[in-house]
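Dock chain B against chain A, hints included.
As given, the protein sequences belong to chains A and B, one line each in that order.
FYI, the numbering for the first sequence is 17 to 126, going by our numbering.
FYI, the numbering for the second sequence is 6 to 118, going by our numbering.
I should point out that these hints are in silico values taken from the structure, not numbers from a laboratory.
Since the model is a prediction, treat every value here as computed from it, not as a measurement.
There's no promise every hint is true.
Claimed, not checked - Here are the computed lysine-lysine pairs in the DSS-like style, where the Cα-Cα straight-line distance is at most 27 Å: (1) K113(A) with K75(B); (2) K88(B) with K113(A); (3) K14(B) with K62(B); (4) K58(A) with K76(B).
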Amino acid sequence: QKEVEQNSGPLSVPEGAIASLNCTYSDRVSQSFFWYRQYSGKSPELIMSIYSNGDKEDGRFTAQLNKASQYVSLLIRDSQPSDSATYLCAVNIQTNKLIFGTGTLLAVQP
Amino acid sequence: DGGITQSPKYLFRKEGQNVTLSCEQNLNHDAMYWYRQDPGQGLRLIYYSQIVNDFQKGDIAEGYSVSREKKESFPLTVTSAQKNPTAFYLCASSADRNTGELFFGEGSRLTVL
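If we strip away everything but chain B, and leave its shape as in the complex, we get:
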């Protein structure tokens, strides 16, 4: 079945550690996204990528980094520079960047201890 796989689902991190969240899709979609969701807030865009080896900052990119070496994969690294990293992280993909029809993975819940 086609879809998006995120891992891990739950992750605990000590302050000062970098962590990497995995996102893999087999939908053959060109565009991929990382969103962050906090209680009572809408989804906020961290980074997006329209094509392999290219990505753009979203609204809240500070403290995060991404790579897009393969079409299927778009990992997100939460660095120690991110001041408030505890959140629900959602990876999504779409057939192209001009559509709002996104397919989401199951999410990764990061807690900083």
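Next comes chain A alone, as it looks inside the complex:
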């Protein structure tokens, strides 16, 4: 089992819809979770961090964390073509070790 798993996609959603991206992790003691957005050929950019169970909202983005079930998700409301990118989930599985998933490719269709 991989330490951080994501569906590679592509996840295709129409413009204006909600995109739901999921990530599961194996280490139960993980304390901090991150979502990065990476446009094709570019470097990753941090868009959300979440540290406690529940939801965290920032504009059109909502991160959801469920430690009991060991998953973290990212919802993008009112998806725009400019949201088309690969979304990387990263988990701090223990102090000083950040593990990245392989990413989910999101395609927002105009």
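Chain B alone, transformed into the frame defined by chain A:
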């Protein structure tokens, strides 16, 4: 503007040559990292440094070397011992090593001919 500068953006190397990738940050961050990204794979940690004159191996350090003589600079050398060096190399920094909130440079794409 604060940020991380990587150079060169594109680099071609012949087999058997060492190459050095530059990474400079003006964010006053203590921690710096080098990651490698291959198609279909997540970012893999090569080396990291928490403080000047100290660095630690990551998961795939073989064939690479680094130095941290200044807080702002963390160059990566890809040596001829690295068997499959063609990849996208990303330098990142963070305020401290205990956070996963990383700031990335634009990356350096190395191709071995």
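Hints and how they fare:
no.: 1; hint: K113(A) with K75(B); verdict: holds (23 Å)
no.: 2; hint: K88(B) with K113(A); verdict: holds (25 Å)
no.: 3; hint: K14(B) with K62(B); verdict: holds (24 Å)
no.: 4; hint: K58(A) with K76(B); verdict: holds (25 Å)
In summary, the structure agrees with every hint in the numbered list given earlier.
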